[in-house]
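Could you slot chain R onto chain L? The hints should help.
Below, each chain spelled out in residue letters.
Number of protein chains: 2
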Amino acid sequence: MKIAVLGTGMVGKALADRLAELGHEVSVGTRDVAATMASTEPDRRGNPPFAVWATDHPQVRLATFAEAAADAEVIVNATSGNVSIAALEAAGEDSLAGKVLLDISNPLDGSRGFPPTLFVKDTDSLGEQIQAAFPALKVVKALNTMTASLMVDPRQLADGQHSVFVAGNDPEAKRTVTALLSSFGHTDVIDLGDISSARGAEMYLPLWLRLVGALNTPIFNIKVVR
Amino acid sequence: MKIAVLGTGMVGKALADRLAELGHEVSVGTRDVAATMASTEPDRRGNPPFAVWATDHPQVRLATFAEAAADAEVIVNATSGNVSIAALEAAGEDSLAGKVLLDISNPLDGSRGFPPTLFVKDTDSLGEQIQAAFPALKVVKALNTMTASLMVDPRQLADGQHSVFVAGNDPEAKRTVTALLSSFGHTDVIDLGDISSARGAEMYLPLWLRLVGALNTPIFNIKVVR
Numbered sequence: 002m003k004i005a006v007l008g009t010g011m012v013g014k015a016l017a018d019r020l021a022e023l024g025h026e027v028s029v030g031t032r033d034v035a036a037t038m039a040s041t042e043p044d045r046r047g048n049p050p051f052a053v054w055a056t057d058h059p060q061v062r063l064a065t066f067a068e069a070a071a072d073a074e075v076i077v078n079a080t081s082g083n084v085s086i087a088a089l090e091a092a093g094e095d096s097l098a099g100k101v102l103l104d105i106s107n108p109l110d111g112s113r114g115f116p117p118t119l120f121v122k123d124t125d126s127l128g129e130q131i132q133a134a135f136p137a138l139k140v141v142k143a144l145n146t147m148t149a150s151l152m153v154d155p156r157q158l159a160d161g162q163h164s165v166f167v168a169g170n171d172p173e174a175k176r177t178v179t180a181l182l183s184s185f186g187h188t189d190v191i192d193l194g195d196i197s198s199a200r201g202a203e204m205y206l207p208l209w210l211r212l213v214g215a216l217n218t219p220i221f222n223i224k225v226v227r
Numbered sequence: 002m003k004i005a006v007l008g009t010g011m012v013g014k015a016l017a018d019r020l021a022e023l024g025h026e027v028s029v030g031t032r033d034v035a036a037t038m039a040s041t042e043p044d045r046r047g048n049p050p051f052a053v054w055a056t057d058h059p060q061v062r063l064a065t066f067a068e069a070a071a072d073a074e075v076i077v078n079a080t081s082g083n084v085s086i087a088a089l090e091a092a093g094e095d096s097l098a099g100k101v102l103l104d105i106s107n108p109l110d111g112s113r114g115f116p117p118t119l120f121v122k123d124t125d126s127l128g129e130q131i132q133a134a135f136p137a138l139k140v141v142k143a144l145n146t147m148t149a150s151l152m153v154d155p156r157q158l159a160d161g162q163h164s165v166f167v168a169g170n171d172p173e174a175k176r177t178v179t180a181l182l183s184s185f186g187h188t189d190v191i192d193l194g195d196i197s198s199a200r201g202a203e204m205y206l207p208l209w210l211r212l213v214g215a216l217n218t219p220i221f222n223i224k225v226v227r
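These protein sequence lines are chains L and R, in that order. So in my numbering, the last spot in the first sequence is 227, and the numbers never skip. So in my numbering, the last spot in the second sequence is 227, and the numbers never skip.
So that you can see chain L by itself, here it is in the shape it has in the complex (with noise of 0.2 angstroms):
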């Protein structure tokens, strides 16, 4: 398949990578190519800058969110939480229609410290809010309850024996989202219902994160056993 990977962090460029090692044809979008091709600083876990990354992927190509998203059949949304709007807003709504998106991403809201607080939940979630600024596009919230490396290797954890979640209002844009997951090596995938169960998944984050201060590592996730 197409693919658009919106977001050049960490996340990004791991689900870039292992969609391209599956063989699709994958672009990643970015505000500014240029400025992000001269990004000389490495990010802020020490990851060398992206133009490196680049180098070592020749196959995924480089573009503006518009150009990554406009003939692209599936798109992720690997953005920041609280630019992922505007992210999408660049990509431009006729790009977006009809589309099946990956939503990856949490409203967390770093500006009072550690551990971050989220700037929706409870009675909202970015997923709604998302659906909502795009009512064309079929939103399907997965993967943003477990760090980057296991959402595209499950497998290197207990054999892939946790779980992950899909919320999402259109049941063909979660099943297209299940069958990539799978092909990641997920085998637990939990349909939580429609969008507005984001907000179980989103809300699961402050106890994610007090998790990593628990165990010292982001390399876990939870199994629901049923």
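Be aware that a few hints might be false.
Said to hold, decoys possible - If you want the footprint, here are the derived chain R segments under chain L, 3+ residues with CB under 8 angstroms:
id	region
1	88-98
2	191-203
3	213-226
No lab work stands behind these hints: they were computed from the structure. Here the structure is a predicted model, which is why all the values come from computation and not from measurement. All C-beta atoms, glycine included, are put in the ideal place defined by N, C-alpha and C.
Below, chain R without anything else, positioned relative to chain L:
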């Protein structure tokens, strides 16, 4: 141990039953003993009224919140979140001082229909509000992340291979609660940190509620796979 269980609902009855079975001297606290015993209505899940349960549990004493708390060594808060602070006020600050509170409450607000929302979250939690209201009480949030029958009998599901959290400021109080949880059959007790980490445990509830719907049963729990 002498243990007071505050609350006569499903959670209170489950805890009192199990603690008595394990040999503890258990009293159940309620706002109005006569009213609790006089009620002939089944609860909202169709369980028989408290008086029927009391007849089956003659070793458990029903008392006012104050009487139950007075000589207890450990207190269990099994009241609804919206009345927890009032119940503890009725128990009396002097009876609480220096004691361990196993706080199972969740800040659920069902006034807007299903799913309930949370009346405190994100930058605060009910666990923290209770700790702030009763500074001499040693509050440990635990067990609020699963249904009552699993709280007290985790081995009914996957031989107990799932997780439970503790959050609180006092290490000795967390050890006391952890020992109780182990006596119930819990095998994976994860210390999330100080009482502010109750935010994580309480904000998991929206996901828990969606999972009840998705799985069509409350008999499930999460295992933190790491």
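Practice task
Test coverage of the region 88-98 of chain R by chain L using CB-CB distances below 8 angstroms; three residues minimum.
Solution key: violated (count 0)
Check of the region 213-226 of chain R against chain L for coverage (Cβ-Cβ below 8 angstroms, three residues minimum):
holds (count 11)
Given that the region 191-203 of chain R was listed as covered by chain L, double-check it with a C-beta distance under 8 angstroms for 3 or more residues. holds (count 8)
Hint violations for this structure: number 1 only, all remaining hints satisfied.
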